[in-house]
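*Asks:* Place chain B on chain A using the hints.
Protein sequence lines, in the order shown, are assigned to chains A and B. Per my numbering, residue 1 is the first one in the first sequence, and the count goes up by one each step. Per my numbering, residue 1 is the first one in the second sequence, and the count goes up by one each step.
Don't read these hints as lab results, they were simulated from the structure. Since the model is a prediction, treat every value here as computed from it, not as a measurement. Do not rely on the hints blindly, as some may be mistaken.
Calculated pairs, DMTMM-like style, for lysine to aspartate or glutamate (alpha carbon to alpha carbon, straight line, at most 25 Å) [said to hold, decoys possible]: (1) A:K3 with B:E98; (2) A:K3 with A:E45; (3) A:K103 with B:E98.
Short derived list, chain B residues pointing at chain A, Cβ under 8 Å [as the list claims (entries may be wrong)]: (4) L90; (5) F101; (6) P103.
For glycine and all other residues, C-beta sits at the position ideal for the given N, C-alpha and C.
Chain by chain, the residues run as shown.
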Amino acid sequence: DAKTTQPNSMESNEEEPVHLPCNHSTISGTDYIHWYRQLPSQGPEYVIHGLTSNVNNRMASLAIAEDRKSSTLILHRATLRDAAVYYCIRTFQGGSEKLVFGKGTKLTVNP
Amino acid sequence: DAGVTQSPTHLIKTRGQQVTLRCSPKSGHDTVSWYQQALGQGPQFIFQYYEEEERQRGNFPDRFSGHQFPNYSSELNVNALLLGDSALYLCASSFGVEQFFGPGTRLTVL
Numbered sequence: 001d002a003k004t005t006q007p008n009s010m011e012s013n014e015e016e017p018v019h020l021p022c023n024h025s026t027i028s029g030t031d032y033i034h035w036y037r038q039l040p041s042q043g044p045e046y047v048i049h050g051l052t053s054n055v056n057n058r059m060a061s062l063a064i065a066e067d068r069k070s071s072t073l074i075l076h077r078a079t080l081r082d083a084a085v086y087y088c089i090r091t092f093q094g095g096s097e098k099l100v101f102g103k104g105t106k107l108t109v110n111p
Numbered sequence: 001d002a003g004v005t006q007s008p009t010h011l012i013k014t015r016g017q018q019v020t021l022r023c024s025p026k027s028g029h030d031t032v033s034w035y036q037q038a039l040g041q042g043p044q045f046i047f048q049y050y051e052e053e054e055r056q057r058g059n060f061p062d063r064f065s066g067h068q069f070p071n072y073s074s075e076l077n078v079n080a081l082l083l084g085d086s087a088l089y090l091c092a093s094s095f096g097v098e099q100f101f102g103p104g105t106r107l108t109v110l
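Excised from the complex, chain A in its bound form (with noise of 0.2 Å):
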C-alpha cells in the first residue's frame, strides 16, 4: 500500500500558522497527494488534495515540494476547532480511489 510518513504529534499556538510535513519519497508520477482531518468524535474530514503544483482553497493550502518527495499542509491562522488528527494520503489517480490511512499526525491547538 502506498506509505507516507508523518510526525506523530505536533503543537500550535491558535492565530498562528501551522506547518505540517508529509513525505512521500517513493511518490510515483501519477500519485497524487489528498489531506483528510480527524476531529474528536466525528468521521474524516477532506481538506485539500494536489498533484504537482501548490494548491489554496477556503481550509487550507498544500505545497508540494519539487521533487513531490515531500509536501506540507499550511494552515494559515489555526484555531481551537482545527484540532484534529491530520492524515496525509496518497492515490494512484485523483478519482474515488481507496483511502490508505496511516496514524496520521495529531494537532494540539493551544489557546
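*Replies:* Just chain B now, kept in the frame of chain A:
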C-alpha cells in the same frame, strides 16, 4: 443536504452473531466506501461499491460483505463476529475525488 448518514449509531453484539450496518450517501453520490477504525488507529479500507458492484476490496476476510442498492445506499454485513471486530465503522460517499464521511457506527462485540 443531509450529508452521509449511518445507522445505527451504536451497537452491541456478542461473539458469533451477525450484524448489518447501513449507510445513506450524500445526494448525487454514486460511490460508497466502507472503513473500519480501531481505537487509536487510522481508518482501514474494507471495500467500495459503485453501480451496485464491489469495485475494490481491502484486506478483510469474507465474513465482511456488502451490498449497494439502486438508490446508492449501502449495507455492510459482518458474520461470525469476533472480539477484534469491535471498532468504529465509517461509510464514505463520493462522486469524484473528495470523499464525504459519515459519523460512523460504533460496534462493540462482547
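*Asks:* Each of the hints needs a verdict: does it hold here or not?
*Replies:* Going down the list of hints, with the structure as the test:
Between K3 of chain A and E98 of chain B the CA atoms are separated by roughly 20 Å; this keeps the pair inside 25 Å, and the hint holds. Of the supplied pair hints, the one linking K3 of chain A and E45 of chain A holds, its CA atoms being roughly 20 Å apart against a limit of 25 Å. A hinted pair counts as satisfied when its Cα atoms are at most 25 Å apart, and K103 of chain A with E98 of chain B qualifies at roughly 20 Å. The beta carbon of L90 of chain B comes within 5 Å of a beta carbon in chain A, closer than 8 Å, and the hint placing it at the interface holds.
Below 8 Å, beta-carbon pairs count as interface contacts, and F101 of chain B has one with chain A at about 3 Å; its hint therefore holds. The interface hint given for P103 of chain B is met, as the beta carbon of that residue sits about 6 Å from the closest beta carbon of chain A, less than 8 Å.
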